[in-house]
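S.K.: These are the residues of each chain, in order.
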Amino acid sequence: MAEAVGTAADVKGAKGSLPGWLEISLRFAQQRPLGAAGAVIVLGMALAALLADIIAPGDPQVSNYALMLRPPSAEHWLGTDSFGRDILSRIIYGSRTALLIGFTSAFFGATLGAVIGVASAYFGGRVDLMVQRFMDILLSFPLIILALAVVAILGTGTMNVILAITIPMIPRCALVTRASALAIRETPYVTAARAMGFSHTRIIFRHMLPNVMAPYLILVTAFLGQAILLEASLSFLGLGVAEPTAAWGLMLRGAAVEFAERAPWMAIFPGVAISAAVFGFNLFGDSLRDALDPKLRMG
Amino acid sequence: MQRYILKRFLLMIPTLFGVAVLVFLLLRVAPGDVVELKYAGVGAFVSKEAMDQERAQLGLDKPLWRQFMDWMWGIARFDFGTSMWTGRPITYEIAIRLQLSLQLAIMATVVAVLLSIPLGTIAALRQDTWVDYVVRVFSIAGLAMPSFWLGILMILGMLIFFRWLPPMFFTPFWIDPWANLSQLIWPALAVGYRYSAVATRMTRSAVLEVLREDYIRTARAKGLWEKLILTRHALKNAMLPVVTVIGLEFAFLIGGLVVTEQVFNLNGIGMLFVEAITRRDYTMTQALVLLVSFSFIVVNFVMDIVYAWLDPRIRYQ
Chain A
1058 MAEAVGTAAD VKGAKGSLPG WLEISLRFAQ QRPLGAAGAV IVLGMALAAL LADIIAPGDP
1118 QVSNYALMLR PPSAEHWLGT DSFGRDILSR IIYGSRTALL IGFTSAFFGA TLGAVIGVAS
1178 AYFGGRVDLM VQRFMDILLS FPLIILALAV VAILGTGTMN VILAITIPMI PRCALVTRAS
1238 ALAIRETPYV TAARAMGFSH TRIIFRHMLP NVMAPYLILV TAFLGQAILL EASLSFLGLG
1298 VAEPTAAWGL MLRGAAVEFA ERAPWMAIFP GVAISAAVFG FNLFGDSLRD ALDPKLRMG
Chain B
9 MQRYILKRFL LMIPTLFGVA VLVFLLLRVA PGDVVELKYA GVGAFVSKEA MDQERAQLGL
69 DKPLWRQFMD WMWGIARFDF GTSMWTGRPI TYEIAIRLQL SLQLAIMATV VAVLLSIPLG
129 TIAALRQDTW VDYVVRVFSI AGLAMPSFWL GILMILGMLI FFRWLPPMFF TPFWIDPWAN
189 LSQLIWPALA VGYRYSAVAT RMTRSAVLEV LREDYIRTAR AKGLWEKLIL TRHALKNAML
249 PVVTVIGLEF AFLIGGLVVT EQVFNLNGIG MLFVEAITRR DYTMTQALVL LVSFSFIVVN
309 FVMDIVYAWL DPRIRYQ
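For the protein sequence lines, the chains are A and B, in the order given.
Quick note on my numbering: the first sequence kicks off at 1058 and runs consecutively.
Quick note on my numbering: the second sequence kicks off at 9 and runs consecutively.
Derived by calculation from the structure, the hints in this document are not laboratory data.
Note that this is a predicted model, so its numbers are computed, not measured.
All C-beta atoms, glycine included, are put in the ideal place defined by N, C-alpha and C.
Be aware that one or more of the hints could be misleading.
As the list claims (entries may be wrong) - Using C-beta positions, here's what the derived DEER-type ranges look like:
no., chain 1, residue 1, chain 2, residue 2, range
1, B, Val-139, A, Ile-1112, 37 to 43 Å
2, B, Leu-110, A, Gly-1101, 40 to 46 Å
3, A, Thr-1258, B, Pro-22, 28 to 34 Å
4, B, Val-29, A, Glu-1132, 53 to 59 Å
5, A, Ile-1112, B, Trp-73, 28 to 34 Å
6, B, Pro-126, A, Ile-1112, 42 to 48 Å
7, B, Tyr-223, A, Glu-1243, 33 to 39 Å
8, A, Gln-1087, B, Leu-236, 56 to 62 Å
9, A, Asp-1185, B, Gly-231, 37 to 43 Å
All chains should be built: construct the whole structure from the sequences, respecting the hints.
M.R.: Take a look at the structure:
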């Protein structure tokens, strides 16, 4: 994510003696400590996901009935679950599931939404009207209802959950990018590009899309937290990622409530992981929004 | 104003129709149906004829356009049909659960309003002090914590510290208000806290913005009592975006209900929805999606009207 900040603002970073992206990141950390804290959480989570095979103390999927519902101890820092699986390992591997689903669905949701929004604004007229009506229909489903409906159709499993989260994100992004693109359509450089006889595709992708980058990046970061939360909710309802894959929402399902009194660690730690991850993404995203959107900047 | 309301109202109809078409088609694209699932649980061998007979009884053998027309004709007469799973009328199944979910939704909204408006105002008045930071972290945390986990923690806390659990069965408020509230207050808090997060942030920034307006300076220059400036001049004007946000975040409420009802084992609309979806109960899922979208659209519609009513600039456009 640090790279994304760098590229979005590397014009400013060019004058420093440090490498541009590093200076930008440092300045970002200095001016927005909360955002930097969020970035640290996100980075930590990304590291945990990448290095899961090395840092996880055990296999997240191997059951061991001799070790059922053990409290936190030296061998099992966060205890074991009702199948005797190490909870710490499942949380570390769970960050893989969360990040994979979070990133892919936020990326595809925002990107498809941006393309639809910009194209709809560019063509205008009847096309715009039809697209907007269809987006209105999608928007009149609350996020989780639409996601649940998609899972019901496709069935559970990681790929289907990604799709189920991507689809409700599309109209939300299309709405925002369309508004920015409407202003861009009237700029002289788009008129010039049209006069040069460039194709619609070229104008949309080369001239208009790069200029909705700021709202796009803001939406991607905002979607990330939402996507992780949505995945956790779906998995919690039993309509998301399927056992035995390690996923945080899934860890809170069934046994965690059933054995709440005997083994509270089962119910506490996965929730801490979800909250910390979403907290990190939201903090980082908020600061990024303030930094990228000059209109919201105060003084 | 009347024309504005009428225009906005008429726009609701095509949207709802689109929702109906979409959900109808989506459900039928999915492999497997309610009959297969019903007999999958039985375990015994069921002949294809028996299953086809059951399908015919449910009207699943008719062509798609016919099924859709039947459904639409039913809706036009306020007849939503019967559940494909239980065979009972859908209006009955919804009615027995609506009371619980509606009460929960209202209580969660009250919790959200009671939390967000005072907290947001205080944060704005004490901008950049520790009070402000605490409120901001509190509201960002509310967005980060899934309401179902909050619910689990509440149950856990009550079990460990008080060896007590909220009542398992729903009692209507007028029969035993105490039992009713002691069951519903927890899920309402779990959903309401999350619901309040966005509204708190909105209140904060709205109050901050209003406090910088000229009329506030004028009021101060007149030597008006600070409390009066705050309530009559600042808050009244800051409430507009807050009201909107509370309306728009209605979706949070529905999402919150779906998962929290599961945690607290409440037999409400959210629970019914998850059940209907997993059982491929087409008629029930269709009716519920339509109900949810309808209330969502109506809330947005009412918000638009309230907005226009509160802000004459929109009304006279």
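S.K.: Is it true that the C-beta distance of A:Thr-1258 to B:Pro-22 lies inside 28 to 34 Å, as the hint says?
M.R.: holds, 30 Å
S.K.: Could you tell me whether the CB distance from B:Leu-110 to A:Gly-1101 stays inside 40 to 46 Å?
M.R.: holds, 42 Å
S.K.: For the pair A:Asp-1185 and B:Gly-231, does the Cβ-Cβ distance stay inside 37 to 43 Å?
M.R.: violated, 53 Å
S.K.: May I ask you to test the hint 37 to 43 Å on the CB atoms belonging to B:Val-139 and A:Ile-1112?
M.R.: holds, 39 Å
S.K.: How does the Cβ-Cβ distance of B:Tyr-223 and A:Glu-1243 compare with 33 to 39 Å: does it lie in that range?
M.R.: holds, 35 Å
S.K.: Is it true that B:Pro-126 and A:Ile-1112 lie within 42 to 48 Å of each other by Cβ?
M.R.: With a Cβ separation near 44 Å, B:Pro-126 and A:Ile-1112 satisfy 42 to 48 Å, so the hint holds.
S.K.: When you take the CB atoms of A:Ile-1112 and B:Trp-73, is the distance between them in 28 to 34 Å?
M.R.: With a Cβ separation near 57 Å, A:Ile-1112 and B:Trp-73 fall outside 28 to 34 Å, so the hint is violated.
S.K.: Does the beta carbon distance between B:Val-29 and A:Glu-1132 stay inside 53 to 59 Å, or does it fall outside?
M.R.: Since the Cβ atoms of B:Val-29 and A:Glu-1132 sit about 57 Å apart, the hinted range of 53 to 59 Å holds.
S.K.: Is 56 to 62 Å respected by the C-beta to C-beta distance linking A:Gln-1087 and B:Leu-236?
M.R.: Violated, at about 41 Å.
Going down the numbered hints, you'll see the structure goes against 5, 8 and 9, while the others check out.
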